[in-house]
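Peer 1: Sequence:
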Amino acid sequence: MENIREGHGGMAMPVRKKERFAILDILRGFALVGIAVANFPEFALFTFLKPDAVAAMPTAEADRWVRFLQYVFVDGKFYTIFSLLFGIGFSIIISNAMRRGASGFRIFYRRMAILLGFGFVHLMFIWSGDILMLYALMGMLLPLFRKCSDRTLLSWAAVLLFVPVIIDSACEFAGVSLSAGVVRLQQHYCAKYGITDDNFAYWLRDADSYGGVFQFLVQGALVRVQEFVDGNRYFKVMGLFLIGFCIGRRRMYAHTVMRRRMLRRVALAGCFAGLPLSVVYAWSAVNGHPWGNAAHSLLYFVSVYIVGFAYVAAICLVYNRHPRARVFSLFSAPGRMALTNYIGQSVWGMAIYYGIGLGLGASMGLSLVVPVAVGVWLVEALFSLLWLRFFNFGPLEWIWRMLTYGRRFPLLQKQ
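In this text, residue positions in the sequence shown follow numbering that gives the first Met the number 0: the first is 0, and each later residue adds one.
Don't take every hint at face value.
Think about it this way: if two alpha-carbon atoms lie no more than 25 Å apart in a straight line, the pair counts; the simulated SDA-like pairs of lysine to any residue are [claimed, not checked]:
(1) Lys-413 with Met-349
(2) Lys-49 with His-187
(3) Lys-49 with Asp-229
(4) Lys-49 with Gln-186
(5) Lys-191 with Lys-146
(6) Lys-191 with Ala-173
(7) Lys-191 with Gln-225
(8) Lys-49 with Met-349
(9) Lys-49 with Leu-184
(10) Lys-49 with Val-73
(11) Lys-146 with Val-224
(12) Lys-191 with Tyr-209
(13) Lys-49 with Lys-146
(14) Lys-49 with Ala-350
(15) Lys-191 with Ser-168
It should be emphasised that the hints constitute simulated quantities derived from the structure, not laboratory data.
Model the full structure from these sequences, guided by the hints.
Peer 2: Written out as structure tokens, the structure is:
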């Protein structure tokens, strides 16, 4: 999510390069690494393999450790960062919209509608794990909170982040599944296309045309809805948006040096409280939630968010001490092109693992999939560095802006 400024005649415009806050781009770039590591096991079809197929892989022992460490250090943490950053970006856009009145909010909602369109195309035609549609829909609710005090915002955020624990407890007690209807519809499409338990993990690898891939994506979109319902994802996203909204409204990202003491506390809390609890959360995850879904949801609440916040705090502290370190350029460049690189990761996943590409799906253990994911991010980072030497925006960011404002923006820097 990019900053917005007011141009001539009060027209809302994207920020100039010199007006950007590098730390936000660096955090976006960092979040993209973790998102790749979290998502590529599904691209690689490893997630869909049955236990006996996973155990038969030559890397099985290493894969068990990698899976455990993913739950400790990755699962939920980078999506937390990404959601916070979206909330910060929304706050900047909404604050400008409030200054401009009705026309500013028309631009905001148009921007969200276009993001919704990007998400729909991504979900239905590229990858079933899209998050952009949910971000756009939840983002449309943020203006309702624009007049709330910071204390009210954070209170709402705390409630929304804890609600999944209450819902999971109620469902567990009542023995009901909120996603049962969606599951039945997904099973209908699986039966229609001939997708079974036996070929589910290999369908995309064996697909020799995009038509086969699309059939899997149709039922996959319903699986995604099921994940949102069972994971109470909309409450989590909205809660994180509100925290990001509060951070953005107070412009805390612009004054990180002045907030070193607070950042140290957050980083230490993540290290000495969040990570130990995250180890327990990981144990629960790899053992099939032995204490029940409600207990697992509570472990998520007390571990994932605090570790995600600690990652943000730690990066801010390092950046404050070494703002000119060259490594930050490697993170900030893909962060400036976050939409392009996020969807680009899905295209890379298709090209590497699906039958319409190299067809390597369901053949790699997790200990090999993770290095591939990091490699894809590194390629995207280097591409972003090269691209931004000549262009003002990433390709999809450029399209997003032009559709939002109904005018052409120069893509080449020399223009």
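Peer 1: For every hint, state whether the structure bears it out.
Peer 2: Hints, verified against the model:
1. Lys-413 with Met-349: Since the Cα atoms of Lys-413 and Met-349 sit roughly 34 Å apart, the hinted pair is violated (cutoff 25 Å).
2. Lys-49 with His-187: Given pair Lys-49, His-187 holds - Cα atoms ~22 Å apart, limit 25 Å.
3. Lys-49 with Asp-229: Answer holds: Lys-49 to Asp-229 is near 21 Å, not above 25 Å.
4. Lys-49 with Gln-186: Judged against 25 Å, a Cα distance of about 18 Å means the pair holds.
5. Lys-191 with Lys-146: violated (49 Å)
6. Lys-191 with Ala-173: Given that 25 Å is the threshold and the Cα spacing comes to 32 Å, the pair is violated.
7. Lys-191 with Gln-225: Holds, at about 19 Å.
8. Lys-49 with Met-349: holds (21 Å)
9. Lys-49 with Leu-184: Answer holds: Lys-49 to Leu-184 is near 23 Å, not above 25 Å.
10. Lys-49 with Val-73: Holds - the C-alpha atoms of Val-73 and Lys-49 are around 22 Å apart, at most 25 Å.
11. Lys-146 with Val-224: Violated, because 31 Å separates the two Cα atoms, which is more than 25 Å.
12. Lys-191 with Tyr-209: holds (17 Å)
13. Lys-49 with Lys-146: violated (50 Å)
14. Lys-49 with Ala-350: Given that 25 Å is the threshold and the Cα spacing comes to 23 Å, the pair holds.
15. Lys-191 with Ser-168: violated (35 Å)
Figure legend: structure checked against the earlier numbered hints; hints not met, in rising order: 1, 5, 6, 11, 13, 15.
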